[in-house]
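Residue numbers (the numbering used here), protein chains in the order written: chain L, 4 to 541; chain D, 825 to 1228; chain V, 27 to 544.
Hints are computed from structural coordinates only; laboratory data are not their basis.
Note that CB positions come from ideal geometry on N, CA and C, so glycine has one too.
You may find that some hints are simply not true.
Stated by the list, open to error - Here are the simulated EDC-like pairs of lysine to aspartate or glutamate, each with C-alpha atoms no more than 20 Å apart in a straight line:
{"no.": "1", "chain 1": "D", "residue 1": "K1121", "chain 2": "L", "residue 2": "E171"}
{"no.": "2", "chain 1": "L", "residue 1": "K165", "chain 2": "V", "residue 2": "D175"}
{"no.": "3", "chain 1": "L", "residue 1": "K124", "chain 2": "D", "residue 2": "E954"}
{"no.": "4", "chain 1": "D", "residue 1": "K842", "chain 2": "L", "residue 2": "D104"}
{"no.": "5", "chain 1": "V", "residue 1": "K431", "chain 2": "L", "residue 2": "E171"}
{"no.": "6", "chain 1": "L", "residue 1": "K375", "chain 2": "V", "residue 2": "E392"}
{"no.": "7", "chain 1": "L", "residue 1": "K152", "chain 2": "V", "residue 2": "E211"}
Claimed, not checked - If you want the footprint, here are the derived chain L segments under chain D, 3+ residues with CB under 8 Å:
{"no.": "8", "stretch": "94–103"}
{"no.": "9", "stretch": "144–154"}
{"no.": "10", "stretch": "167–181"}
{"no.": "11", "stretch": "506–519"}
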Amino acid sequence: MKSYDAIVVGAGHNGLTTAAFLAKAGLDVVCVEKNDYIGGATVSRNLYKDWWYSNCSYVCSLLRPEIYRSLELHKHGLQVTPYDGSVTLMENGDYYGGYHDAEAAYREDARFSRKDADAHKNYSADTMRQCRLIRDFLLRTAPDPTSFKPRDLMELARIGGKLNEMGEDRLGETIRFWTMSVAEYLDEYFETDVIKTALSASGIIGTALGIHSPGTAYVLLHHYMGDVDGNVGAWGFARGGTGAVSKAIAGAFQAEGGEIRTEAGVDKFIVKGGKVTGVALDNGDEVHADVVVSAMDVKRTFLNCMDKSDLPEKFYNRVENFKIRGSSGKINIALDGLPTFPALPKGSPLYSADIHFTDSMERMERAYDDWKDGTWSKDPYIDMTIPTTNDPTMAPPGKHFMSCFIQYCPRQVHGRDWTQEDKDGFQKSVFDQISNYSPDFKDLVLHAEVRTPQDIENEIGITEGNIFHGELTMDQLMFNRPIPGFAQYRSPIGGLYMCGSSNHPGGGIMGAPGANAAREILMDLRRPNTVPENFGDD
Amino acid sequence: MTIVEGPVREAVPQGPLKTPFYPRVAKIDTVNQWHEWKGFSSPDALYCEDLEYFSIRNGTAVFDLSPMTKYRVTGPDAMDYLNRLVTRDMAKIKPGRVAYAVWCDDQGQVIDDGTIFHLREGEYRICCQERHFAWFQAATIGFDVDVVHETEDIAGLAVQGPTSYSVLKTMGVEGLEDLKPFGLIHVDFQGTEMMVSRTGFTADLGYELWIDPAKALDLWDALFEAGENFKIRAIGTHALELARIEAGYLAPYAEFLPVDETIRTGRSRSPLELGLEWLVDFKKPNFNGRRALAEEKRKGSTWRLVKLDIEGNKVADSSYIFSNSKAKGESIGFITSAAWSPVCKQNIALGTVRTPHGKPGDTVWVEIYYQREMHWNREMAKATVVDKPFWFPPRRGATPPGPY
Amino acid sequence: MTKSMGEKYDAIVVGAGHNGLVCSALLAKAGKRVLVLEANQQVGGAAITREFADGYLVSACAHLLYQLQPEVRKELKLATRLATEDMTTIALGEDGKHVRLKTDSVEGVSDEDAKQYRDFRKRMARFAKLLRKVFNKTPPRLGNQDFQDFLTYAQLGLDVRMLGKAEMEAFLRLIFMNIHDEVTERFEHPMLKGAISLDAVLGTHLGPRSPNTMMTYLYRLAGDQGRAGVPAGGMGSVSNELAQAARGAGVTIRTGMPVKRIIIENGRATGVETESGERFDSYKVISNADPKTTLMKLIGAKHAETGFARRVSHIRARGNAAKLHLALDGLPAIEGLSRKDFAERLVIAPDEHYVERAFNPAKYGESSPNPVIEITFPSFRDETLAPTGKHVMSAVVQYAPYGLKGGWNEEAKAAFMKAIIDTLAKYMPDIEQRITASELLTPADIENEFHITGGHWHHGELSLDQFLFVRPVNGAAQYQLPIDGVYLCGAGAHPGGGISGAAGRNAARAILRREKAA
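So that you can see chain L by itself, here it is in the shape it has in the complex (with noise of 0.2 Å):
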């Protein structure tokens, strides 16, 4: 059987840039996929006729521009386009529609109150501050606070300093932001209940939090970082799908030399004496490597893939607590022509947003309720997309696909498995609410792919399907995440480590816990560092 310098266990985003890198500074890397495409949950798939679905992740907003640089995604065929706007369709009639224009912004907020339209401004100058700070961490190691190595103790001052140099006001909001609700942090700057509904869906995409959980202003950022000083195209459908992002970091990864394989799912990692040694496959194959890297999320590598006595017990308990919680599900629907949505003016720009149908704290808050009781929400919030108004490769002319994202969508139905009955009713709460809003909508629908967290799970691998890896809370961020004492991407074991979203700074395509890893092992291999540095404050 072949050796390798380092085998990256799983072809997700993640794993593909840290096989990317690593293949960079002249290792030789196989990265192992169980399935029989590429891609993890950034996929494109072909599941009906000429449609190509983005059938997990939609949209690309995140992922860190100095990866696309260093590994010239360019050149391996990733394009991102932006995309404009949001609306909100409302219960009476009207829609709150989010412009990409500025001033068009503005006038839309000012319909509903001018207090918000002008305290829009200081929202986000507000919320951009937060954003900049963490903006920084994101390509660097979180420290551990409780080492005294000079690495973390000079991180640790490095924060300390970054913190400080806010002043006391903004370091006393600052507190605040990364400990409220985002509910009550919308509080603080609306007072029109659709804007603040608007707004504060970014609080909770992706986790088993409500708006009025506190910690959930903290989410937001996990949806806006693209953003600061304005950057162009920060929001953006990857044409061809999501797909072509992974498939362009493979292309950068092949083109280093590296190997992908394919229907090559990992029974075990296999460890000897406190190390590790290797994988063997479900096939009963083996691959040797001293360096193992998992993009895995953290339960599905050590609580699945290794036996409970290779590990510390107090860590094999810690990561048995480790939260990752199915909250969200997605449709996937191929559609014979473009719906119509009466409350939309004909050929409205906001055919193209991000559509929603939830227009109140109230039914947001609501829809988490469901979820607490076990079960998927029965008036649920619905991030709507359809790319190919913006994309014409991903159906045949004239034809459309629509991305669905809902919440909340339980791992569970009442504590047991999802039956067809479930689903069925799943997608019917999906369906009725979009039909209510568009009437032809569902006569246009030619085929739909309902994937509940089970089926993500199940398909993709991630424990519960969600969409991060883990829970986006305090207890679970930053040198928590995510185990205290392993938040630098190193796990007990010897040459194992980790690269998924369950590590700092966690999910969404943002490349950034794949390039981090990669930069560790280098560090431990004494390589020379591949992996790029923070564009930094510009």
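Dock chains D and V against chain L, hints included.
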């Protein structure tokens, strides 16, 4: 769930809106150079910015001010409210007077500057560049006062230049003889009340007219008819900007950034740093920023705004400022606005430098890059810090004003 | 026109709540001439005993003593007599199978649960000790270069480090966690999980799943490891004892003197004016009222700067806890309880989901149809509180949101009362027949009677964004408002509410220290 069905609501207008004077301005326009100003179309220039500039200094220039953000403040506590809001003492501003003022956050950092018109007893209008309704509303906590956003309810024209008095007089405006700088009067214009203030952005004789948008076009027509023999011209922003720099007035986003829009701490400025100490009245027991400004006064400021008289004629746009001619060490600051002044024949600029640099009379050096036929050149130009406006003619303050 | 009362005080304390009394007593002991003005006829604020029905007395608001800080007891030489101490918490089961939670042991659950409980409480005790240290200090000022503040930071950092690596990691994770996760990670027994969840959310606008509820749980333990007691004679006797200590130290306390405003002249406090028009002069005015009342009503927001006033207006203080007082003609029947158990603390919180579901409606301005309840029978050990043979039930009931949709009118109160009695009846079938008189204080009532904004125990939600450096708000966490001469000493200031005296003591110390520095 039932969704209410009804007529489709058309989208809010996209792109810049047209001001009440737009039809007339557009008619004059020959160069088609426009920009957006707070959601409205505003011309850069209309036919030739140099000639437009000279109409400010030689005749009468008319500039459409309608996009200026305006708020009406009324109620029993209106004066107390403003007194807490801004740094200067508003008790001294009697009805019929206008105050230039700045307002700060609690840290004494400038949010914006603007003019506050004391329209009538207890009734004020704040006129400024940026939008501050959220802040002005927050400031009402604890006051019996009403603040209303009225930007679109009032059309405004700046009428500036040595012949402006004659133009308005010819148009039939009465009572201008006694109107001093920073005074305002209410007059009748064709049956509609019009407010005339002796204010402006040019440091020249000039007025601003404020009227119901419905009468805007009538006002324009009457004004140009009256101005026929007084070299009246409509102008664009570029000409006004030049006059503004000559006057040494501040512009947001140039000399300062509204603090509530800054992401980075330390990128805002205090009134003391902007040379506006005369606007800060520490005798008032409480106003926004008082504690911080008192502390700053005790400890010293970080920055100082400077007016620079620069040798040579190369415009010092975006230049670094140094304390020495060799550009050794760190720069001490940078230029925020610069121009060649046609009336002074002087290379002038506004800049911000670190204290203790920049005292009036100090010499500093400006690193100027300029392009001549594709090639770039660099020049270290000597500059003197001056403490007076570059242009401030006696006719600006003469009351009654002269005919020209 | 106000007339000045001539005499000038070193400090005037507005409100004779327990914190106000502690603060005044400590200042007086340091030689200050202190005047305390109390609006009600009785001292104590929310810590009073009063008659709610003919012959029945009850601790009208706070009814359990958890956190009275040992430092306060020592410095003021208090010797509070407790009718009941170290109370066991009995989580009631409908079937008469109850779970008994003590400081470090639990009965009625599996051995594994019992072991987990011991570990849990041990760890909590360790962390609570750390918090207790923090609670008895003035929080350092953010972004400040002050040496004293630096020392406080350093001490705090050192204390956390002294926990050791493993416990430090646990601490830095736990304080951000919710109680739901912690109890589901550790325990099996639903009632055990429910009772602990209840302790974490009582008095807050949070549910067990809300992040940071570990911190609110720890808060409860930061006094005497969570040991609860009932003072003889009700909570009023603690206040009376504090008042006595204050008077003994030379403090003048005047009741029935509602303060109309704190007089600000030339940007600084110069005294107070009472509703009756009397004026008292002092360059230090210390408010025991909540921060919103202090700034918005007593001082007037116009005397503060806009940013600060706005911040204070944003303080969340929406009370959710109602207080129920029942006059009973005898003890109700509860299956599975022995008679002496009526001296303990009974809770209705059958599992953590029940508590969460009780919280849900509160988010939408509705009261819980199935409320969580904390019950005591103070008369059981204290005959002075009820006629012979009769009893008083004092209960805290959640959730009763302050901002109830439609307001707390008689109808809404009656509906909530019915929900409570129905809930109680599941455990005490004869309760309804036993009631001879009742009183339900909703947060709206508590606001009215005790002058606390939102009727919130803690004078402001106890959540991380209103905690420590930012309690009550950034820029006032050191007990001084950014208006010269005005201070806070109530629960709205660090560390928060509960009959602990920490805020009052810290305020007094901060004031004295500042004076010394000046």
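Hint by hint, here is what the structure shows:
1. K1121(D) <-> E171(L): 19 Å, holds
2. K165(L) <-> D175(V): Between K165(L) and D175(V) the Cα gap is close to 19 Å, so the pair holds against 20 Å.
3. K124(L) <-> E954(D): Cα-Cα ~11 Å, so holds.
4. K842(D) <-> D104(L): Roughly 16 Å between the alpha carbons, so the hint for K842(D) and D104(L) holds.
5. K431(V) <-> E171(L): Violated: K431(V) and E171(L) sit about 38 Å apart, past 20 Å.
6. K375(L) <-> E392(V): 18 Å, holds
7. K152(L) <-> E211(V): 32 Å, violated
8. 94–103: Held - the stretch 94–103 of chain L has 7 residues with a Cβ nearer than 8 Å to chain D, which meets the minimum of three.
9. 144–154: With 0 residues in contact (Cβ-Cβ under 8 Å with chain D), the coverage given for the stretch 144–154 of chain L is violated.
10. 167–181: holds (count 5)
11. 506–519: violated (count 0)
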